[in-house]
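Got chain Y; can you put chain W on it based on the hints?
There are 2 protein chains.
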Amino acid sequence: MASMKTGVHPDLQIERENGTFDPIQLTNLLHGGPEKTRRKRYIQSLAINDKTFKNSPNWATLSREERYELAVKKAIHQARRVKELGLTDPLDRYFYNQAFMPNENSPFGLHNSMFTDVITNQGTEEQKSKWLPLIQSYQILGTYAQTELGHGTFIRGLETTATFDGKTDEFIINTPTLTAMKYWPGALGKTCNYCLVLAQLYTQGHCHGLQSFIVNIRDVNTHQPMPGVEVGDIGTKFGYDSMDNGYLRMNNVRIPRENMLMKYSKVSRSGVFAKPANSKLLYGGMVSIRSFITGDCGRSISMACTIAIRYSAVRRQTTDSSGETERKILDYQTQQYKLFPALATSLAYIFAGMNISRIFMDVTSKIRQGALDELPQLHALSAGLKACSSYKFNEMAERCRMACGGHGFSQASGFPKLYVNITPAATYEGENTVLLLQTARYLTKCLVSAKQGEELPNLVAYLKQPVDGRTCSINSQFDSNSIVSAFEHRALRLIEDCAHRIQYLVKNGKSQSEAWHLTSVQLTKAAQAHCECCVVKFYLEQISRDPGPKLQQVLQALFQLYCIYTILENIGDFVKDGYLNSQQIELLNTKLLDLLAEIRPNAVNIVDSFDIPDEILASCLGRYDGQVYQALYEYAKESKLNQIEVTDVYYKHLKPFFEEQKKLADVPILPSRL
Amino acid sequence: MASMKTGVHPDLQIERENGTFDPIQLTNLLHGGPEKTRRKRYIQSLAINDKTFKNSPNWATLSREERYELAVKKAIHQARRVKELGLTDPLDRYFYNQAFMPNENSPFGLHNSMFTDVITNQGTEEQKSKWLPLIQSYQILGTYAQTELGHGTFIRGLETTATFDGKTDEFIINTPTLTAMKYWPGALGKTCNYCLVLAQLYTQGHCHGLQSFIVNIRDVNTHQPMPGVEVGDIGTKFGYDSMDNGYLRMNNVRIPRENMLMKYSKVSRSGVFAKPANSKLLYGGMVSIRSFITGDCGRSISMACTIAIRYSAVRRQTTDSSGETERKILDYQTQQYKLFPALATSLAYIFAGMNISRIFMDVTSKIRQGALDELPQLHALSAGLKACSSYKFNEMAERCRMACGGHGFSQASGFPKLYVNITPAATYEGENTVLLLQTARYLTKCLVSAKQGEELPNLVAYLKQPVDGRTCSINSQFDSNSIVSAFEHRALRLIEDCAHRIQYLVKNGKSQSEAWHLTSVQLTKAAQAHCECCVVKFYLEQISRDPGPKLQQVLQALFQLYCIYTILENIGDFVKDGYLNSQQIELLNTKLLDLLAEIRPNAVNIVDSFDIPDEILASCLGRYDGQVYQALYEYAKESKLNQIEVTDVYYKHLKPFFEEQKKLADVPILPSRL
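Protein chains in written order, with the numbering used here: chain Y, 1 to 674; chain W, 1 to 674.
Bear in mind the hints are in silico, worked out from the structure with no lab data behind them.
Any given hint could turn out to be false.
Pairs count within a copy or across copies, as identical chains cannot be separated in the list.
Capping the alpha-carbon separation at 30 Å, the derived lysine-lysine pairs in DSS-like fashion look like this [as the list claims (entries may be wrong)]:
id, residue 1, residue 2
1, K73, K637
2, K130, K263
3, K510, K328
4, K417, K51
5, K51, K655
6, K130, K663
7, K417, K328
8, K417, K507
9, K655, K128
10, K73, K640
A quick note: this is a predicted structure, and the numbers were derived from the prediction, not measured.
Same shape as in the complex, but just chain Y (with noise of 0.2 Å):
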């Protein structure tokens, strides 16, 4: 892009004058202070000026098998700075990894994360001084094989098995049926020698539930499929070209006994399975993933509101009478609407991502000295939250990107890439609509001990509150504590109908198990009320750590226009008991009308505080200096197509057919010029 205007555009400069606070002092709120984005930014900047793949043609132009092969690439690269760079702690490794490979899925990641982590986890301490310098040194290159074909969320019902056989002191491993073939895995296709298979132990005749194993699925010098293994991509997808997630056949593939990671389950050598002792302690893991796709889907919708709002502060379209400028989209109300709520789901859910890893680690803290009780809590919120959060990426990224008209569908804009990488969020780590049914049955033993006069952990103690005969108090001054109270009334409301109508379908015949089932949609409903309830608090508790008073009433007006929008687009669950009046609706429409035109002279400002450089966003409508339309021409004229002036195509295809179609008609022979 040599050729590129310099300088910021003057639209963008005017909308970074004007603005009404410091932006750094933001992102310093949303990094946790200025050493921590001092140190991030530094991280980033070691991937951004790392020249090597500088002259990589444009992502956007390669085929998928070229996405996957410069992703090998860089993978290995990215493997070989961190380890020059001694980058060890994770935040460090999050940063440079998304910095270097920005929306894209290294065919290591796996690797480097759930295939060691459980090694580490379940492993024997024999185990771990066995497979863990393998693994750190790449000599083995392993992935993680879960999800069958046949099942995802249902993991009791795996199919593959792993049989001892006491002769030879092996497991068999065996894909029984078509169902039980691995299917999804990443880097699993084509990359990978190693795989851990989640698989149903069966020793002396009996089935002992899932295990995991280590297996061998390709010869470590030949690259060879191990025998009985049949290993391959699985096609291409909506996004992850540059992931090979991969089918797995395994007939009669023997490993060591050894091989089955046995920190907790145990089988001996003459094929005697032991338990393990406490299962409680294998959530961590879970917990920690969904909290960190939580804050991740928060800073997706960030990326996404930072590409919409700059490109809207420089289109303009469309005057009211002729020879008037035209207007900035951002400065039509239809286009605020779409924006403005965009933008404090991102900040709500970023501030709910940063809340919830901190419980995590103080839950940690208490788990190490034996304190068990506050891990039910963290259970049900990380699992709903994970769900909202990605159900709000994919609805907020979506908005964002049909507010940018036609060029929002152009790969040039960053949206599709953006997309495609986050949406599967919805389904992996806990498909959102079983998660939420797991918050909702915490939720609904949390009311049977509220009922019986038991101490509930500080998150869901609104549920010992009486739910009848309440109204809303929230009026003109929109104070936070009548809009918590509101959030919480509108969770236990929700929870209350779902436990009488149980308890009245189990009166009427139905088994609790059916009744259950038949209430199942509220009750997912009435989860995501409890984690919405939690997202306000978390967000309220963030702003009110003094961040000095000129950022401090631009939150205070972010935050009310995340709770009212959240209101009025569950605006059933608020009055369906006569809590929330007529006139509260109509306050409530007005205020947030409001809130568009008080946050608009500080949407610009409040996207450069998410501190996403420009390599990252890898938008041509969302760049920092604003030049869009440059942005789009450079971009275009990249195109493969464009390669050659005249493509084979014609030759091949349009010349034989124009001259075909020429002589079958009647007309006269066409002049080179008309």
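Just chain W now, with coordinates in the frame of chain Y:
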């Protein structure tokens, strides 16, 4: 797929046996009678049984450039076959093309539609007799170039100029700025040699606004760009890989004066501009396209439903207790709640499309007799319905995809291609928000007329009713009249509220135009409410045509589900003035769950009624025979990465990396078997 299992999956077989109605009845209703169903099937079979491209690789495995080439080859073959078969009826062509290139855009599409149509409608007799034979015999291949880099929605703002040069009797076409470059027109990049250029006409020193010009952009013999023309592909997009959407810059490109389309506006030899007598007639084309999009979005949702519902009837997941057979996921209330509202919405917009096409033909014939008074109502409705239907497509298609979990994310599912092909409908042929505001403009005018006691056209006649103090009559009977009244009340209430707000703002010193802007969010919602009210009426009209008692019952349940779901999703509109009360909300919530259970046994038969051949659905999950797992496995094996067992990526990158790391590592050399 030679190795595919044959026979229908027993889980689907049972669904089909257990349905309460005969699917062919609904098929006929949706297609306009048995004769039209037969014709549709015959036409589709002509394309499906054409084996010319049967040995082409799976579309999902091709690169963007290969997809473009295949599309050109298909377009050529299609053009030949359409001539040979003598397909002249637009509906025949639609079914043929759709079956031949499902969810793809033909690079000849705009040649045969916009390019031909605009010349036909806006050309003089002389122009038509010169150009149409050249078009029909493919001696020239054209497209329609309206959108520019800087202007889409606001066409008055287009910057391309056409300046009359009296000396040579020519127009000089120019792209005066960066933003004036044409950007997005389909097939412009590499395929076409002609285009219709929309440009500001300058003659005798004055600008006379936009006119259409026939411009030769590539030499018809060499395909090289004409002097002064810079043209190319705009690069990859979210989808539309088979289409070379292009950019075009023109520098003093000269065309003869006769290349301006002059049926309405004219420029004489001496450069005198003459205005058209009546410009309203230009509306017709847009109304027709937008009406078509409405039905097309409905049909596209029906494709998503077909995939998701058939898959959900064979996918089994989770048991309540071990030993039981796992449940079909279609039996979960949460899954029904995702899919059945989509099913009902699909029918709603298919019916709306059928109705609006009927109204369009009716109004068109009246226009031919000189009666233009129904055109504004039709224009407002077709604009609004296009917006509503395309938004609904986006929401429902992604909802269906995500309801299929991981497998929905694979291109094998068919969802990604469907989604990216239809989602631009929110932008093309009028940006949705802009269209809704046009609808709102019409409605506010009608409201003024209503207050003045004037007669209103039938679909807006409800605006004459008094709005205050009414209460909703919906009770446990859910009778259709009370439902229609509720939708009428909601729309009227929202339009009234807009009018009040505008009045209030004007009284408080805002200009009329500023007051309109400050009400625009509500105005778009009012427009949506009006359109949804019309959709409800159209639906009712369709099912009241006595389709027989069994089908009637199914359609009635879907009608009620559509209405109740829509009311609950927008409940704030219905409760804010006290129209609907708490008991009624409870009633609706409960009824909705009952309807899910009622529709469940017919779900598969309903999607079968959409009568979409497997070849068009192109989905491993949506196959008529339900053999989804076998199909996914076959799909995986087709991946290009699987063509070689050990890929080049291994030899070029992974192997050298492993060897390098082995040397660096301070661990024993790994034996070939662990």
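Now for the hints, and whether the structure bears them out:
Taking the shortest Cα distances, K73 and K637 sit within 30 Å of each other both inside one copy (26 Å) and across copies (24 Å). Within a single copy, K130 and K263 get their C-alpha atoms as close as 14 Å, which meets the 30 Å cut-off; across copies the closest is 84 Å, which misses it. Only between protomers do K510 and K328 lie at most 30 Å apart by alpha-carbon distance; the minimum there is 20 Å, versus 59 Å within a single protomer. When the C-alpha separation of K417 and K51 is checked against a cutoff of 30 Å, the pair qualifies only within one copy, where the shortest distance is 22 Å, while the shortest distance between copies is 35 Å.
In this assembly of identical chains, the alpha carbons of K51 and K655 lie at most 30 Å apart only when taken from different copies (23 Å versus 43 Å within one copy). For a Cα distance limit of 30 Å, the shortest separation of K130 from K663 across copies, 18 Å, qualifies, whereas the shortest one inside one copy, 76 Å, does not. Proximity of K417 to K328 under the C-alpha cut-off of 30 Å is restricted to the intra-copy arrangement: shortest distance 26 Å within a copy versus 33 Å between copies. Within a single copy, K417 and K507 get their C-alpha atoms no closer than 51 Å, and across copies no closer than 48 Å, so neither meets the 30 Å cut-off.
Taking the shortest Cα distances, K655 and K128 sit within 30 Å of each other only across copies (25 Å), while inside one copy they are farther apart (65 Å). Taking the shortest alpha-carbon separations for K73 and K640, both the intra-copy value of 21 Å and the inter-copy value of 19 Å come in at or below 30 Å.
Hint 8 from the list above is the single one not met by this structure.
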